[in-house]
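These protein sequence lines map, in sequence, to chains V and Y. Mapping of the first sequence onto the working numbering: residues 26 to 321, in sequence order. Mapping of the second sequence onto the working numbering: residues 33 to 343, in sequence order.
Hints were generated in silico from the structure; no laboratory data involved. Some hints here could point you the wrong way.
[Unchecked claim] Calculated lysine-lysine pairs in the DSS-like style (CA-CA distance at most 27 Å, straight line):
no., chain 1, residue 1, chain 2, residue 2
1, Y, 219, V, 203
2, Y, 221, V, 257
3, V, 127, Y, 82
4, V, 127, Y, 128
5, Y, 196, V, 290
6, Y, 196, Y, 81
7, Y, 128, V, 273
8, Y, 196, V, 69
These figures come from a predicted structure and were not determined experimentally.
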Amino acid sequence: MRRSLKNKFSIILIIIIAIFTLLSYFFDQLVIRQEDNLRNSQIKFENLNTTIANLNSISWQLIDASDTASLRIIHFKRYQNYWLKNILLITSYDSYPYLTDKEIIDTFNDEPKYINELIKYRFLDYYRDIVVEINKFEKKIHNIYGWNLGYFPQYSFKSDGKEYYDGPEVSYSEIFNKNIDLFNFKEFDKYANLTIENKYKEEAVNDFTIKNWLDIHKFVYILTNKFEELAKITLEDSYLIDDLILEKETLRYVMLEIIKNISTKKNYFILLSIICQITSLLFLLVLFRSLIKNNV
Amino acid sequence: MRIFRFALLQSYFSIINKNKKKALLLINIGIFFTIFAISSAMISFFIEKKISNNQNELLALQISVRESSNILTSLEIAFNRIDQLINIEEDTRIEKQFLSETKLGNKILSENDFYDPYIYFVGTELEQIERSFKIDTSDDLYHLQDLFDINSEWSQEILNMINKSWDDDDIKEYTDAVLKAKESLEKIKRIDFENYKQTEIPSLRDITIEILNYKSHHINKSNSKIADDYFTAVEFEFSIRRWFLQILKFLKAMKAFDEEQIEIINKSILSLSKKEKNIILSTFIFQLIVFTIIQFFEVNSLNYQRRKKLI
Numbered sequence: 026m027r028r029s030l031k032n033k034f035s036i037i038l039i040i041i042i043a044i045f046t047l048l049s050y051f052f053d054q055l056v057i058r059q060e061d062n063l064r065n066s067q068i069k070f071e072n073l074n075t076t077i078a079n080l081n082s083i084s085w086q087l088i089d090a091s092d093t094a095s096l097r098i099i100h101f102k103r104y105q106n107y108w109l110k111n112i113l114l115i116t117s118y119d120s121y122p123y124l125t126d127k128e129i130i131d132t133f134n135d136e137p138k139y140i141n142e143l144i145k146y147r148f149l150d151y152y153r154d155i156v157v158e159i160n161k162f163e164k165k166i167h168n169i170y171g172w173n174l175g176y177f178p179q180y181s182f183k184s185d186g187k188e189y190y191d192g193p194e195v196s197y198s199e200i201f202n203k204n205i206d207l208f209n210f211k212e213f214d215k216y217a218n219l220t221i222e223n224k225y226k227e228e229a230v231n232d233f234t235i236k237n238w239l240d241i242h243k244f245v246y247i248l249t250n251k252f253e254e255l256a257k258i259t260l261e262d263s264y265l266i267d268d269l270i271l272e273k274e275t276l277r278y279v280m281l282e283i284i285k286n287i288s289t290k291k292n293y294f295i296l297l298s299i300i301c302q303i304t305s306l307l308f309l310l311v312l313f314r315s316l317i318k319n320n321v
Numbered sequence: 033m034r035i036f037r038f039a040l041l042q043s044y045f046s047i048i049n050k051n052k053k054k055a056l057l058l059i060n061i062g063i064f065f066t067i068f069a070i071s072s073a074m075i076s077f078f079i080e081k082k083i084s085n086n087q088n089e090l091l092a093l094q095i096s097v098r099e100s101s102n103i104l105t106s107l108e109i110a111f112n113r114i115d116q117l118i119n120i121e122e123d124t125r126i127e128k129q130f131l132s133e134t135k136l137g138n139k140i141l142s143e144n145d146f147y148d149p150y151i152y153f154v155g156t157e158l159e160q161i162e163r164s165f166k167i168d169t170s171d172d173l174y175h176l177q178d179l180f181d182i183n184s185e186w187s188q189e190i191l192n193m194i195n196k197s198w199d200d201d202d203i204k205e206y207t208d209a210v211l212k213a214k215e216s217l218e219k220i221k222r223i224d225f226e227n228y229k230q231t232e233i234p235s236l237r238d239i240t241i242e243i244l245n246y247k248s249h250h251i252n253k254s255n256s257k258i259a260d261d262y263f264t265a266v267e268f269e270f271s272i273r274r275w276f277l278q279i280l281k282f283l284k285a286m287k288a289f290d291e292e293q294i295e296i297i298n299k300s301i302l303s304l305s306k307k308e309k310n311i312i313l314s315t316f317i318f319q320l321i322v323f324t325i326i327q328f329f330e331v332n333s334l335n336y337q338r339r340k341k342l343i
């Protein structure tokens, strides 16, 4: 028996069988490792898909906000001089430029006093509408940026370890004070209150002079320009997000390539493991064959 | 233990002289099956590689369809917005042009008041469209001008694709839309949009002069540079809408083509996977047979040893 064991050929065959069995285990391990890599890469890939979908949604929200604001801005700009011109032409006042046109006033069916008040109320409503639109826009972009601060670090600040929104905002008093030289009357509250309570509007309709209306006219111009600036900021931010989307989309194709390679490797290792298993069986059979042939 | 089993096997093989031929035949069959199993495994690997390639192609196509869906949605939104803007603008202009013929109307709304904001808005929109359609491929960088140039590589590629599937009227519609878009783009590029920004606040004197000289600022004034620029902007919006409609049609066709490709790849994966399943099954059966043969010898060697001990 000891003699037989020393049979060289049988020993070589046994070593070959052992090597192939070991190789089979080794490739099995590599398959497990590749499977792990594949799972991690797929998670990263899915995360990228989610990020891209999220970024697309943010971009659309920003563009939509900017577009909606742009349409309102066209309207506001078209009427920037409209109500002031109406006041100058239809209402009665006793100062420069004396443009009140009796002929035009006569074309109205209602009483001149009613038309006079109506025009002034409409001017104040128009001024209030701009303020309301700006406030609405601020809230809208706060909702977009505030929930996605990770993408807009320029609009956030940290306090006590928490992240807070600090995005584009309009401070009416600040704007007023910055342009105070342009106004005939320098009290901000006088004009700010007009957008808050109706009783101030009533007082304004009765007491305001051409100089006051000119102040409102100027403030309306400044606010419309500010609104335009805000709309432009969101549009510019949407461009930044679009660039980020392009970057992530390129990365997604890179990830796809990585997944492809891992998957090919995994299949390759599975095959090698199977082939090693079968080869070890083959050599086992060859060993049996040789043992029988040599009658041991 | 293994050496003990091997010794048993050796001892068993030494006494099967009688059935040597049968045993060799059985082992040969086993070897044949083993080689068959290796070949099956290799075939299944190639099939798996093919499936894997198909799957990757499928994934890339799915991403492409998802991206085209996103582009289609944003283009559709942009198209609807332009369409809505054109309709609102047309209604507003007609109404204001009519009212400007009244005594009050011709003084309260000048051409600057009415046209400037729209011209400036179209200017910013042009900037936005130019940026959105700056397409950076791996080989080239395409600008809006290239998309509107019927002789550009980009347009020719689209034409080559649509020539195969669209009828002549549709192709003509597409070509006309591109030519018109190019013409409008060239015209609108000549406008200096900064002139229409309206950031400066007019003084009371400016407004007074505008009211007093209302005839020279009238909306319906003929030979007006501002009105000309306004209508160039309107024309641009119209041609962009027309071009958008065509490009949407093209992109929808492309998306449908991609979806068809996905369907084909899906079918191919299913068929390959069925083949692979059968091959793996046959490999398993062959392996089982080989294993049985090996077990047969091992068990017989053990039985022989036991019988020897009993004797």
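Now for the hints, and whether the structure bears them out:
The suggested pairing of residue 219(Y) with residue 203(V) is violated, with an alpha-carbon distance near 40 Å, which exceeds 27 Å. For the hint linking residue 221(Y) to residue 257(V), the alpha-carbon distance of about 21 Å falls within 27 Å, and the restraint holds. Annotation: proposed proximity of residue 127(V) to residue 82(Y) is violated, straight-line Cα distance about 88 Å (limit 27 Å). Distance hint between residue 127(V) and residue 128(Y) is fulfilled; the C-alpha atoms sit about 23 Å from each other, no more than 27 Å.
As the CA atoms of residue 196(Y) and residue 290(V) are separated by approximately 40 Å, the hinted pair breaks the 27 Å bound. A distance of roughly 33 Å separates the Cα atoms of residue 196(Y) and residue 81(Y); the hinted pair therefore is violated under the 27 Å criterion. Using a Cα cut-off of 27 Å, the hinted pair residue 128(Y) and residue 273(V) is violated, with the two alpha carbons roughly 48 Å apart. Taking the CA atoms of residue 196(Y) and residue 69(V), the gap is about 40 Å. The hint is violated against a cut of 27 Å.
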